[in-house]
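Asker: Below are the chains, spelled out letter by letter.
There are 2 protein chains.
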Amino acid sequence: MAVAAENQSQPPQNDLPYVLILKPPAAFSIFGDHFFHSPKFQFLKAFESPLPLSQFLLTHAQSVQAILTSASGSVTADTIRLLPHLDLVVTTSQGINHIDCSECRRRGIAVAGAGTIFSTDCADSAVGLLLDVLRKVSAANRYVKQGLWSSQGNYPLGNKVLGGKQVGIVGLGSIGTEVAKRLEAFRCSISYNSRSKKPSVPYTFYPNVVELAVNCDALIICCASTDETHHLIGKEVLSALGKDGVIINIARGPIIDEKELVQCLIKREIRGAGLDVFEHEPDVPVELLALDNVVMSPHNAFCTTESLEELRKTVVGNFEAFFSNEPLLTPVPLDDLPHLSACSW
Amino acid sequence: MAVAAENQSQPPQNDLPYVLILKPPAAFSIFGDHFFHSPKFQFLKAFESPLPLSQFLLTHAQSVQAILTSASGSVTADTIRLLPHLDLVVTTSQGINHIDCSECRRRGIAVAGAGTIFSTDCADSAVGLLLDVLRKVSAANRYVKQGLWSSQGNYPLGNKVLGGKQVGIVGLGSIGTEVAKRLEAFRCSISYNSRSKKPSVPYTFYPNVVELAVNCDALIICCASTDETHHLIGKEVLSALGKDGVIINIARGPIIDEKELVQCLIKREIRGAGLDVFEHEPDVPVELLALDNVVMSPHNAFCTTESLEELRKTVVGNFEAFFSNEPLLTPVPLDDLPHLSACSW
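Those sequence lines, one after another, are chains A and B. For the first sequence, full-length UniProt numbering begins at 1 and goes up steadily by one. For the second sequence, full-length UniProt numbering begins at 1 and goes up steadily by one.
Next up, chain A with everything else stripped away, as it sits in the complex (with noise of 0.2 Å):
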């Protein structure tokens, strides 16, 4: 905050090369236009010209060499073909679904993300969301703070162990990993389902993600949205998981087929959900606001004060180096598509 603060007070340097950003990140939004501030270079803002998107390009193609998107703000093979000058975009996301990656990796444009940084807010947050659900954290204390535990006695059962459960790890990348290491410190077996079987891993591979919600008390979504994974855990997953079943989403909304989620939670068919992503937020159905057996967060499980400075550092520092000539900090390599990192900003 004092860096941004700081930077509020300098005069326009309009000699400096520009970063466009077509839509503002979130981080705007909380921190002010001034969090990635930078002296060596200055921002266009696309979203503040009243003109439409492929005019305000077409006016400013031959200055632009660089992008600023987040996850919210698809940088598409139409809007890189209008920007010949075009050589990075840089997301403050992990994940990179939302640029075109095959038209970067064309032209030779480097792609920046926000590496790994939020992977172990991420891992937290999952075990969090878990341990909440099976342990009723947010509901016991809603009890304490509604004075029931003096008028009403003791807490109702169903708390469940964590110790012992059979957990699988949808989508096994920098995230996913380190829910398993936690997890494996309560004692939980871990098994996954993933692109491909990884050798490296002590934990039971699962082809097909039907097979491993009948062979789990708790399935934990890590894996990147895209089309191959949209809707996956529908109706059948749900049912394979089962009424003793709980699941948790920190990763995409729309991996998650919400109105079936919704059914089966109501129908007490599965036991429950830690949801810190919607699939039309920041909208939440409107029939998960009762349920006690589900827990939610505004899809900030990534978001810390110390990973975002850290965001900061890492999204100023590609931009710095790429001006300065020098190797980006966190270039993601585009022939290693896609990534199974989700989380994102």
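Accuracy of the hints is not assured; some may be wrong.
No distinction is drawn between identical chains; accordingly, a pair holds when it is met within one copy or between any pair of copies.
To be verified - With a cut-off of at most 30 Å between alpha-carbon atoms, the simulated DSSO-like pairs for lysine-lysine come out as follows:
1. K181 x K197
2. K181 x K198
3. K181 x K160
4. K165 x K235
It is worth saying that the hints were derived from the structure and are not from the lab.
Following the hints, put chain B in place on chain A, whose structure we already have.
Answerer: Below, chain B without anything else, positioned relative to chain A:
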């Protein structure tokens, strides 16, 4: 539950040996009196008699060989002296500070407890509360459930990362050790205060709890409640912990000076607290009910469906072993007191 329901239909078996119960264990209020039922003994319930306790004990002095108690039911030297044939006290708790163990040792009365049944559940809860306070799981859940995400936008920042935090454990018994193991997986640095340095653990030892607090971001109370630990955590320790510090208590309420803690939380002299236990349960200081930096649970950190079933087996198993002249399942070695394990029921 099936076991309890089944046994309710059994007729009284008056030729069975008696197990005296002075005060009903909490399990009775949830599962009914038959939770610990066995075909090998029957309960003698002092708490159902209109007689004064001493008179009740005198009446049954010749027939009582064993007592079932819980953390809230003291077994004093006076009681023990009225029971010349008493040979066994079984408590549903892990802690045994409510039993006069000196008198038991003197008389050669065996004591059996819950062993380490509750250690992992307590440790899970401690981590759950710590994650909740740092990452605001309950508060974020409330935010979403109140519809504030869609109406007021992104959740206010302030979540703190868990990784890299210095966590101090007060009382490195079975629960504290389980907490430490879990937090290592979250990349926390562990230090501890205990009666003595434990040569077998790699964590930093502080002989003084104030010194531990000075060097920690979070304190987790896992020690037994004894005369020595009464109000161990007072103003001095809380000040040493400081305004970014977090305190978690899953041990016993009286270990913390609750009035001082409430003041520190109100004045934000510490960052937050996760409290499963309180000085005057089930009463909770009203000042805490509205504080967003406090997460509470109703003394159920230890309490899962699975651990209570394990408790039932252990309690019944100890009595059945005793009445069959077999070795106890979970004898407490009375030569090695006090024990640094706190959770109870």
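Asker: Run every hint past the structure and note whether it holds.
Answerer: Quick rundown of the hints versus the structure:
Within a single copy, K181 and K197 get their C-alpha atoms as close as 17 Å, and across copies as close as 28 Å, so both meet the 30 Å cut-off. Taking the closest pair of Cα atoms, K181 and K198 come within 30 Å of each other both inside a single copy (15 Å) and across two copies (26 Å). In the homo-oligomer, the alpha carbons of K181 and K160 lie at most 30 Å apart both inside one protomer (21 Å) and across protomers (20 Å), since each shortest distance falls under that limit. When the C-alpha separation of K165 and K235 is checked against a cutoff of 30 Å, the pair qualifies only within one copy, where the shortest distance is 22 Å, while the shortest distance between copies is 40 Å.
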